[in-house]
Amino acid sequence: MADATAVGGVARYLRERVGALTDRRAVATFTGRRRNLLGLVIVAGLGVVALIGPLVLSTSPTETALAHVLHQPSLAHPLGTDALGRDLLTRMVYGARISLTIAALVIGVRLVLGTGVGVVAGYAGGWVDEAAMRLVDVLLAFPGIVLALVVAGLLGPSLTNAMVALAVVGWGRYARVVRSEVISVKERGFVRAARMMGVSRPRTVARHVLPNVLGPVVVLATLDVGTVVLGAAGLSFLGLGAQPPTPEWGTMLASGRSHLQQAPWLINVPGVAIVVTVFGFNLLGDGLRDVLDPRQRTALEEVDS
Amino acid sequence: MTDDDAFVELRDVSKRFVVHDSLYHRLFGGREELTAVDGVDLSLRTGETLGLVGESGCGKSTLADLVTGLEAPTSGEVRLDGEPVGTVEDRPSSVRSDVGVVFQEPRASVNPRRTVHQTIAEPLEQQGWAAERRADRIRELLDQVGLPERHADSRPHQLSGGQLQRVALARAIALEPKLVVLDEPVSALDVSVQARILDLLRDLQDRLDLTYLFISHDLDVVGHVADRVAVMYLGELVEVGPAEQVFAEPSHPYTEALLAAVPSLQPDAEPAAPLSGSVPDATDPPSGCPFHPRCPAATPECAEIDPEFGTVGAARVRCLHAPDATGATEEAERADERRRNRPTQTR
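Just so you know, the protein sequences line up as chains A and B, in that order.
Position 38, counted from 1, in the first sequence is what our numbering calls 716; the numbers after and before it change by one each time, with no gaps.
Position 85, counted from 1, in the second sequence is what our numbering calls 87; the numbers after and before it change by one each time, with no gaps.
Nothing false has been slipped in among the hints.
Examples of chain B residues toward chain A, derived with CB under 10 Å:
1. Asp67
2. Gly71
3. Ser99
4. Arg115
5. Arg116
6. Leu177
Calculated Cβ distances over 10 Å to all of chain A for the following chain B residues:
7. Ser16
8. His153
9. Ser289
I should point out that these hints are in silico values taken from the structure, not numbers from a laboratory.
Virtual Cβ for every residue (Gly too), placed ideally from N, Cα, C.
Generate coordinates for the entire structure from the input sequences, incorporating the hints supplied.
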C-alpha cells in the first residue's frame, strides 16, 4: 500500500513536470505501462540515494578498518566489508553519486556538442552538413568503448580523463538524430512562415527548431545513461578511470575481483548496482520513447482525429 | 503580357533543382536536374483570386515558393507591385509584409509548442509592434477569422484542424498584406470544414481587398473560389483563363481530362474518367508538348513541337490542336511546312 502511494506521488509529480513539456495524453500513455513506472521508480530511487544517502550515512567510504576485513553482510555492515574493512553499503551509496555525476556530466557534454553540430548541419545544409556528417560517420565507425579506451589511455588514468574520453566519443549519435529532426522541422510551415516574416536564423532555431527536436534527444540521453555508467565502470575497472580508494563501482569491481572466492559480495554489490542502474534508465528511456517519439505522436493524433 | 493592374507578375520564370546533390553523386556522377517550373508567365490582378491547379508534383508549390520568395528563380523575374523582388532575405520588410501565406497541413503550419497568441504575434513582433498594440491587433484578428478570444492561450494540440487553419490565416493577414498565397489551404480538412474556411476566405477578401493565389489539386474547390484559373502540367502552364470559360469549355486536352476525372453527383452522368498513365519523370521530360504521351488527341507533330500560347476566347492555351487557337494553328502550320521541307526526318 505504502509503495502504491509513493508511486502515485511520483507519477503525480512527473505529470506536473512533463505536463509543461507535452500534453496529458502523452503522460497517460507513459503512466499506463507498469514497466515505465518501474523504470521511473528505480531512477528516482537512485537519485534519492545519490543525493541524500551520503548525508544520512555516518560512515566514511574510504576509512579503512583493518579489524573488520572481509566481513560477511551483518547488521553492523548490511552489505559486508571489503579487504580493507570499508563498509560496502557506504561505498555503494557514494558510488551511486559518482556514477550519476559522471553520467550527467558526460551526457551533458555529448548533448550540447551533438545538438550543436546537428542543428548547424541540418539547418545550414550543403557542404557544412556534408563535412559534419562525414566526421560523425568516422566517429561512429569505431566501437565507442574501444575509442574511449584509446583516448583515456592517451590522456592518462584519471576519472576526469575517462569522462573526457567518454564525452568525445559519444556525441555522434546525438548529432545524427538532431540533424535529421532539424531537416524535417525546417520544412514545416511554421519555420517557412518565420523565414517569410524575416525572423533571424538564430531566433528561428531557438524558438521553432530546438523545442521541436528535443523530444528524441531526451529519449536518447535517457537511454544513454546506462551506456555511460557501464562505460565509466568499464574504464575504471581497467584502471583508466577512477583510482582507488575512490568508491567508484568499476574500481570496486576491480579490487573485489581478487577475493572472489572468499567474499563474493565484494563484486556482487557494485555489479548489481550497475545492472539495476542500467536497467532502470533503459526502462525509463523506452517509456519516454513511446510518448516523445514524433512518429508515435502522429500515430496517436491520427487515431484521435 | 504586361498588365498595369497586376500585383504579381512572373516573367518567364523557371526553377531547376539538382537532385542527388551529395558528395557521393558529385564524385561519381548521378546528379540530375529537375525542372520544377519551366518558363512561366503569369500575372495576378489586384483583388482577384487565381486558382492554380494541376496534379501533385507538377510544380504548383514551387511556383508558390517563387512568389513568396522562399525560393529564388533559376531564370526569369518575379515582380510585386511592379518592382522586381528577390528571395525573402533580399526583400525589404515593407515588401515582406505585403505577402502572407497559408500552408496545406494545419498541424505543421503552426509551432506545436507555442500558443495561438504567440503564433499570431510573431509577424507583428518582427515589425517592431509594442506589446499592447499587438494584443489589440490579435484580438481583432481572432475576431476576423472567427475564433473565440479564449483560444488565444490555447496550444495547437487543443485545437482542431479547421481552427488551426484559422490561426494560420490570422498570422498570414496580421500585417494587412495585399497578397495571400494559399497552398492547398483546405485539402487536409473535412468537407464541412472546407466550406466554412472557403466562406471565411471569400469574406476576408471582400473586407480586406486581398489578392489570392489559390493552389489546389481539387477542381471543385477552385471552381468555387477562383476568378481565373491557371492549369499547370509538368512545370509549364498549359491553359490560363477566366474560371467560367475554363470549366465550361476547356480548350486544352489536359484541362478536359482533369475535369473529366472529377466524380459527378448526377446519377446519369458519365462515370469519372481518370487520366491514363502517370506524370512523366521531371528529370527527363518528353519532347515537344509535355502532355503528348498521355494526351488522347495527340498527333505525331505533338511529339516534336512544344506549342506556344494561343488565344481561345479570353483564355491562353498552349496546344497545337486547340480550337481556333490562333497562335497555335499558325505554329502548327509552320511546323507542317518544316516537315514538308525535310521529309526524311524521323524520330
